[in-house]
Amino acid sequence: MPSAPDLSAYRIAVEPYYRPVGDEIAVFEAAWRHRLPVMLKGPTGCGKTRFVEYMAWRLGRPLITVAAHEDMTAADLAGRFLLTPEGTVWHDGPLTQAVRHGAICYLDEIVEARQDTTVVIHPLTDARRMLPLEKRNELIPAHADFQLVISYNPGYQSAVKDLKESTKQRFVAIDFDYPAPALEAEIVMREAGADLALARTLVAIAACSRNLRGQGLDEGASTRMLIHTGRLAAGGVSLEAAVHAGIVLPITDDADVRQALGSAISACLV
Amino acid sequence: MSELLDRATPALDRLGRLMEARATLAARFEETRASLARRHGAPALEPWAAGTLALVDVNAGAGVLLAFWRASLELAPRLDPDDLAAMAHGAAALCREAGSAATVAALDAFAGLEPRLTGAEGRAMWWRALARLGQVTPDCVELVAAQAHRLVVPGHAMEFEGFIEAGLRATGRDRARRRAFFALEDPLALTLLARIGAGPGFDEMEAELRMVLAALWDTRPELQPLPPAGPDMPRRVNIAGPVLRLPAVFPGMEGEGARRLYLAATLHAGAHLHFGNPRFPVRKFRPVQIALATLVEDARIEALAMRRFPGLRRLWGAYHVATPEDGPTVAALLRRVARGLFDPAYADPDALVGKAQTLFRAARDRIEDPAMSLDIGTRLANDVGQRRIRFDALGHVAEPAYRDDGLGIWDFSEIDPEVSDDVQMMVEAARPTPQEADDAAPQDGPPGEAPEPVGRARPARGPDEGVIVAAYPEWDAGAGIERADWTSVREMPAAAGEVRPLLRALERAAALRGRVARLVKAAKVGRAARLKRQAEGHDLDIDAVIEAAIATRAGEMPDLRVFRSSARLQRDLAVLVLVDVSHSTRERLADGASVLDVERLAVAMLAEALEKLGDDFALLAFASSGRGDVRVTPVKSFAEPYDAAALARLAGLQAGLSTRLGAALRHAGAQIARVRAFRKLVLVLTDGEPSDIDVAAGDLVQDARRVVLQLRAQGIDTFGVTLDPAGVGSAPAIFGKTNAMPVRRVEDLPERLSELYFRLARR
Chain A
1 MPSAPDLSAY RIAVEPYYRP VGDEIAVFEA AWRHRLPVML KGPTGCGKTR FVEYMAWRLG
61 RPLITVAAHE DMTAADLAGR FLLTPEGTVW HDGPLTQAVR HGAICYLDEI VEARQDTTVV
121 IHPLTDARRM LPLEKRNELI PAHADFQLVI SYNPGYQSAV KDLKESTKQR FVAIDFDYPA
181 PALEAEIVMR EAGADLALAR TLVAIAACSR NLRGQGLDEG ASTRMLIHTG RLAAGGVSLE
241 AAVHAGIVLP ITDDADVRQA LGSAISACLV
Chain B
1 MSELLDRATP ALDRLGRLME ARATLAARFE ETRASLARRH GAPALEPWAA GTLALVDVNA
61 GAGVLLAFWR ASLELAPRLD PDDLAAMAHG AAALCREAGS AATVAALDAF AGLEPRLTGA
121 EGRAMWWRAL ARLGQVTPDC VELVAAQAHR LVVPGHAMEF EGFIEAGLRA TGRDRARRRA
181 FFALEDPLAL TLLARIGAGP GFDEMEAELR MVLAALWDTR PELQPLPPAG PDMPRRVNIA
241 GPVLRLPAVF PGMEGEGARR LYLAATLHAG AHLHFGNPRF PVRKFRPVQI ALATLVEDAR
301 IEALAMRRFP GLRRLWGAYH VATPEDGPTV AALLRRVARG LFDPAYADPD ALVGKAQTLF
361 RAARDRIEDP AMSLDIGTRL ANDVGQRRIR FDALGHVAEP AYRDDGLGIW DFSEIDPEVS
421 DDVQMMVEAA RPTPQEADDA APQDGPPGEA PEPVGRARPA RGPDEGVIVA AYPEWDAGAG
481 IERADWTSVR EMPAAAGEVR PLLRALERAA ALRGRVARLV KAAKVGRAAR LKRQAEGHDL
541 DIDAVIEAAI ATRAGEMPDL RVFRSSARLQ RDLAVLVLVD VSHSTRERLA DGASVLDVER
601 LAVAMLAEAL EKLGDDFALL AFASSGRGDV RVTPVKSFAE PYDAAALARL AGLQAGLSTR
661 LGAALRHAGA QIARVRAFRK LVLVLTDGEP SDIDVAAGDL VQDARRVVLQ LRAQGIDTFG
721 VTLDPAGVGS APAIFGKTNA MPVRRVEDLP ERLSELYFRL ARR
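Those protein sequences? They're chains A and B, same order as listed. In terms of the working numbering, the first sequence opens at residue 1 and continues consecutively. In terms of the working numbering, the second sequence opens at residue 1 and continues consecutively.
So here's chain A without its partners, still in its complex pose (with noise of 0.2 Å):
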C-alpha cells in the first residue's frame, strides 16, 4: 500500500549532504530491509539527524521526526481525544501516523523522554510490529514500510537518564562520532561554504574544546558548530569574532573555561 497522500510533506525532496564517514549507511539499509528498529548513538551535532534525512531520502520514505522532551507523555506520540462540540474525536499522534502509513519514525533525542512513555515504542520493536491503542481500545499492526529510528546521546547525563535496559535491546545500534580531520575539515568546507584553510583551523579547535570534556566542558564543539562557526567567518565576520561567537560563547558559562579556551583558540589562530 502506498503511504497516505496527507504524509507527503514528510517526504524529502532534495537529496540531504551527507558525508559517509563508515559502513553505516550499509548498516542501515540491511537493517531498513528487515524493518529492525535502529538506534544511532553519538555526541550532539556530528550528524545522526542528517543521516536519518539522508536515509529517509535514499530509502523514499516519509520521515516524521519527533523531539522528545522531558513533558512529553505517551499520548504525546500515540495521540490523543480532543473534545469538539460533538464530543471527543480521536486524534492520531507522529506515531501512530507512521505506524498507519509506513513512513520512518525518528525519535531524536529519547533520552530526554520519561522511561515510562518511552514504552510506548515496545510492541512495534520486537516480533509483534503493532501499537496498541488502549485509549481507541484499538491495535494498530505496524504498515509494512514503517521503521523506527531513535538518536541516543550516551555521554550526556548519562548519570541520570538513561535508556531502560529493555528499551536499549531492542535496537540495532550504529555508532557516531565526531569524523576524522580531514573528513571533518571537507564537511566544514562543503557545508559552510569555508576554504580549506579556514575549515581545517575550525577542526583544529574542535580538537582542544573536545579534549575539555570532562574538564569543564559537558561536550565540546560539534561539526554543527563548526559549520555554522564557518558560515559566520566565510559570511564575512573576522575569525575570532566568528570563533567566539559561534563556539566559546555557546559552549560554557564559566568564565575560567572560556580564558582557557580562549587561550587555546588563539594557539589555533595563524
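Note that these hints are calculated values from the structure, not bench results. It should be emphasised that the depicted structure is a prediction, and the values quoted were computed from it without experimental measurement. Possibly wrong hints are sitting among the right ones.
Simulated crosslink set (DSSO-like; lysine-lysine; CA at most 30 Å straight-line) [stated by the list, open to error]:
1. A/Lys168 to A/Lys41
2. A/Lys164 to B/Lys612
3. B/Lys532 to A/Lys164
4. A/Lys135 to B/Lys532
5. A/Lys164 to B/Lys737
Model the placement of chain B on the given structure of chain A, informed by the hints.
Chain B only, in chain A's frame:
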C-alpha cells in the same frame, strides 16, 4: 614677640628644657630644631615637638631620639612637621611594644623607604604593621626592618601589612620558625615575598593552565608550585616525568604579563611532554654541550608545536628579543641562538647563530627525531669551545623566561667522572629546592610521629576544652539497662584550617564533581508527578470523563475535574552528616593523603551538592575520650550558610581520640529533630568500629544499634557509610543491612557518599 611664642609652643619649650639637661642630646636637638625651624618656621614645629615628647614619655632612650631626629632631617624636605609628628607617635607606639633597638631600626628603615610608602596612609600602615608585629613577637621587628627594602615594593607598599599578618598566622607560636620567616629565610616567606607586586601566581593560574594543557596537548600532568629560589634568582619550569613544576610566582610580573608568561611556559613544557621527552644520557657531555643541545631540543619541539598550532608563534615570539647589543657573554649568545632557531627570519652577525639556523634547517626532514638536537647541539658547542669564551655552568639559566630548566630531557644516572663536577654544578644550580610539602605534611602533628594503636584514646588536644552541651543515656548491653545521663557531649569550637589542599583535592576530583553536579541538576528539577482529576490540564483524564458522562446521563451533577496534569514534586529534606574524626582517620593511604583527607573531600563534595540543591543540611564531626568527653565539632549548623568559613572549618578538622558512635548519634538526632522537614536523614561517615577507652566495643555496637532504632521511631533515617576494606565491619549490625554502605576502597568514598545521598533523596 618671644613671650607670644612661648605661649604658643608649650611642647617645644618643655622639650627644650628637657634637652638642656641632657648633655649627650642637647647639641643634636638644637641642630635639628634649628634646621627644621629654618624650613618651616619655629611655631610650626609644635606638633613635631609633641611627637618627640611622646617618645620621651615612653622612655624611648637616647638612641631612638637621635634616630628620630636623623629621620626628621632626612625627610624634612618632603614631610611637614605634622607628618613628622605622626612618625614620632608611630615610633612611640612601636617602642612600647618592641623596645628601643627595634624602634631605632624601624625609624632608620622608614627614613629610607618613605618615598615608597606613598602618602599618610602608607606611612601609618608601616607603623601599624610593625606595632602589630611587635605586639606578638617583639624580637622580629628588627629582622623585618633590616629586610624592609625587599618587603616594601614600590607601588605595592600596602602589601607589606598583609605579609606581616600572613607571617604571624603561618608561624603560630613557633618562635624559631617565626624568626626564620621574618628574616626571609623560610620558603613560605620567600613565596609570599615573591607575590608582592607580582601575580597572578600559580594558585590563580592552575585551573586555567590545566585546561589549556588538556585542550592543546590532551595531557593531564600533575601541576605543582615551585617556591622562589631566593633574591634575584630566576625560577624556571621543571619537568619531572609526568609532573610539571611551575614557579609559584614569576617575580616582577603582573597582570596579563604574568598570565601570558605562565601560558607560554606551560605550553612549552606541555609540548615537551607531547613530542616526547627523550632523556638523553649525560655520560660525557660537558655543560656547554648540554646547554646547547637543550636549546636545540627546545626549538625542535616548538617547531613541531607551531606546525600544529600556529598561534603559539605569537605567544612565544614575544619573549625572543635578544639582539647583538646584549653583550659578548655566552649567555647572551645563547639567547641569540635561541632566537635564531625559533625565528628562521632572524639574521644575526654572529656566525654561530647562522650555523645553528643552517644546521637546524638542514635537519628539517628528521625533526621528529630528538637525536637531531643532540647532534646539532654538540656541533654548536664545539664552536663555542673553540672560541675560548667561558661558559658559566653554575650561573646558567634557561632563556627566555618561558623555557623550562632543561633538566627534564637529560638522564643524569650515568655521568662520566671526568665531567661530573661541572655537570653536577649545573644541575645543582638549576635544581628546584626540595619543596615544602604543604599538603603532604599533615596539619595534625609533626611528621614521623610514632604510630599509635588505632582506636585508643590520646591525651587531650589543646587548652580549649569546649563547653558541655548535653548529657545522653547509654545502653549497657551487658547489664541490659539504659544508664541515664551516662555520656556528656562537649561542643568544641571548630578551628579554621588551611583551605588550599582541600580546594586542590576538589580540583583534582573535577570529573567526579561534574558527575555529582549533573545529579544535582537532575534532582533539583524534581520528579514530575502525574495528577489525575484536575480542573485543568494538558490532557483528558479518560476515567474522569467517562464518570462525568455517566453522571450527566444519570441526571446527576458531574464532577468537572476531568483533566490530567503533571506537577513537580517538592523536595523537603534535611540531612545531618556526622563525620568520624577519631584517631584512626590519621592512617595514611598510598598516595600520602590520610583517611581524614578523603573524608574531608567526600564531605566537601557532598556539601557542595547539598548547597546547590538547597537542601537543609548540617555537618558535625565527632570523637570521644571516655563517656565524660564525647566531643562534637560543628562544621556547619542548619542555620548557617555553607561558605568559605564553613569550608575552612572543614579543612581545620583534626584527627584524634576514639569513636563513641552512640552518643554522637544521639546528639545528631537531637539536632536534626529540631529542624522542620518532611524527611530527615543522618549520614554517618566512619572508618571503623565504635570504640572508646572505657567500654567494650561490642557494647558500643549494641548501643549504636539502639539509637538507630530510636531515631527511626522518630522518623529520622540513619545511614552508615563505613570504610571497610575487608567487608567484616559491624555497620550492618548498627545501621541495618539496607542502610549500611561499606566502602571497600577509601578512594571511592567521595563518589559513594554522593551517590548514596542521591539514592536516598529520591526515595
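Straight-line Cα separation of A/Lys168 and A/Lys41 no greater than 30 Å? 11 Å, holds
Assess, step by step, whether the Cα of A/Lys135 is no farther than 30 Å from the Cα of B/Lys532, and give holds or violated. 16 Å, holds
Please verify whether A/Lys164 and B/Lys612 have alpha carbons no more than 30 Å apart. It holds: about 28 Å lies between the C-alpha atoms, which stays within 30 Å.
Satisfaction of hint between B/Lys737 and A/Lys164, Cα-Cα up to 30 Å: Holds, at about 27 Å.
Holds or violated: B/Lys532 and A/Lys164, Cα atoms, limit 30 Å. 25 Å, holds
Violated hints are absent here; each numbered hint is respected by the structure.
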